[in-house]
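Asks: Heads up: the protein sequence lines correspond to chains E and A, in order.
Counting from 1 along the first sequence, just add 3 to a position and that's the residue number in our numbering.
Counting from 1 along the second sequence, just add 58 to a position and that's the residue number in our numbering.
These are computed hints drawn from the structure, not numbers from a lab.
For glycine and all other residues, C-beta sits at the position ideal for the given N, C-alpha and C.
Heads up, some of the hints might be wrong.
Said to hold, decoys possible - Quick list of in silico lysine-lysine cross-link-like pairs, DSS-like style, CA-CA up to 27 Å:
id : chain 1 : residue 1 : chain 2 : residue 2
1  : E       : K61       : E       : K25
2  : E       : K45       : E       : K61
3  : A       : K69       : A       : K128
4  : A       : K69       : A       : K115
5  : E       : K25       : E       : K40
6  : A       : K115      : E       : K45
7  : E       : K40       : E       : K61
8  : A       : K128      : A       : K115
9  : E       : K71       : E       : K25
10 : E       : K45       : A       : K128
11 : E       : K40       : A       : K69
12 : E       : K71       : E       : K45
13 : A       : K128      : E       : K74
14 : E       : K40       : A       : K111
15 : E       : K74       : E       : K25
Said to hold, decoys possible - Now the stretches of chain E that chain A is said to cover, found in silico as 3 or more residues with beta-carbon under 8 Å:
id : segment
16 : 45-58
17 : 102-110
Claimed, not checked - Listed next, with one range per pair, are the computed distances between beta-carbon atoms:
id : chain 1 : residue 1 : chain 2 : residue 2 : range
18 : A       : K115      : E       : E82       : 28 to 34 Å
19 : E       : K71       : A       : T169      : 39 to 45 Å
20 : A       : T169      : E       : L43       : 16 to 22 Å
21 : E       : A32       : A       : E159      : 37 to 43 Å
22 : E       : S12       : A       : S141      : 45 to 51 Å
23 : E       : I115      : A       : K69       : 23 to 29 Å
24 : A       : E137      : E       : P85       : 42 to 48 Å
25 : A       : E137      : E       : I115      : 44 to 50 Å
26 : E       : S12       : A       : T129      : 34 to 40 Å
27 : A       : S65       : E       : E86       : 27 to 33 Å
28 : E       : K71       : A       : E159      : 20 to 26 Å
29 : E       : I115      : A       : T73       : 38 to 44 Å
Each chain is listed here by its residues.
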Amino acid sequence: GENVEQHPSTLSVQEGDSAVIKCTYSDSASNYFPWYKQELGKGPQLIIDIRSNVGEKKDQRIAVTLNKTAKHFSLHITETQPEDSAVYFCAASIGSGANNLFFGTGTRLTVIP
Amino acid sequence: DAGITQSPRHKVTETGTPVTLRCHQTENHRYMYWYRQDPGHGLRLIHYSYGVKDTDKGEVSDGYSVSRSKTEDFLLTLESATSSQTSVYFCAIGETANTGELFFGEGSRLTVL
Chain E
4 GENVEQHPST
14 LSVQEGDSAV
24 IKCTYSDSAS
34 NYFPWYKQEL
44 GKGPQLIIDI
54 RSNVGEKKDQ
64 RIAVTLNKTA
74 KHFSLHITET
84 QPEDSAVYFC
94 AASIGSGANN
104 LFFGTGTRLT
114 VIP
Chain A
59 DAGITQSPRH
69 KVTETGTPVT
79 LRCHQTENHR
89 YMYWYRQDPG
99 HGLRLIHYSY
109 GVKDTDKGEV
119 SDGYSVSRSK
129 TEDFLLTLES
139 ATSSQTSVYF
149 CAIGETANTG
159 ELFFGEGSRL
169 TVL
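In isolation and in its complexed conformation, chain A is listed as follows (with noise of 0.2 Å):
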């Protein structure tokens, strides 16, 4: 299994309070997503990575923001999380630009009340 660890794995919080999830990777691959999956919506790519400090907007990126300061961490920020935002969060890391395989860590379940 490729080395993709999310944090937390459950998370429960209040309208209104910021919400960070991690992606932390052991492949050294360039290219990391954060998606959402939904029932009915399948995954939908939030924000994507491209080297450190390069980042870029996906299909549904309104209220999300994301940092990448190393090569093997992906942070996704939720400023201001509302229910909407309730959602499986996974992260996704891939080795040339090029669609190929991309290996999805376990994700992330956020509930927010």
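Okay, chain E solo, but in the shape it has when bound (with noise of 0.2 Å):
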């Protein structure tokens, strides 16, 4: 299967600046990345999304930027605030189903205030 590794485990950013998360994946047939949010105690949820025919997506102070070729994929967070300190997984799929999807490892980004 897919293979999706994540980079930072751990972010920590004075509130104000931008975080960024880094992902690559493995099989160049992904063509769907998601961004998930997960607070402490909660499910992940979805922030973002893009798929393989964009280069970028942008959704207010978040974004998202693909290369696929170089199978990688990054989260960009503008401003950052204290209520973005979460995890955030990283995730691409094979094809259509969301049995095809893999999670990256998450990174727990901190924001102090």
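With the hints as a guide, bring both chains together as one complex.
Replies: Here is the structure:
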């Protein structure tokens, strides 16, 4: 199956700074790349996703970029706020169906007020 | 929030005992999934269902079985629990077969002594 690597495992930033989380994937057939945010004691929640026919997608303070040639994608959070503190997971999917969705190992983001 | 209820939320059991976790949804979504979450591994798919009585294996299915007799309920059973099955288990639901947003429950923490 697909192998998704995620870095860093932990990230601390000052409030107002930007945060970047990077993921690489192994299978060039992967075509869907969601990002999930997991707050303490909760289940993961989708925050943004991108498909392989798009290089970048933005939604307010968050953006995702995709480099298919290099097989890596990144999550960018600008103007970080304390409520952005959470664990973030990237994932990659080969073809359709969530049964083909493979998750990274997670990044714990701490935003320091 | 998507109507997903997992029960029990916490369970401590002994090695060799059977355990059943329940996922109940009120969204009438066709697709249901069981994941386990472990440090250093992210989320890994155990089993999934694409309809009543239609189930299939995921990445880490050994030692687990599932059943879905009604659209709203998806049961995960550990026939004989082992310490390696100590984990946090998440149920997720999805509306379509194509990869899209997954809605996760709040998790069930299982400890096998």
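Asks: Mind listing which of the numbered hints don't hold for this structure, in increasing order?
Replies: 12, 13, 14, 18, 21, 22, 23
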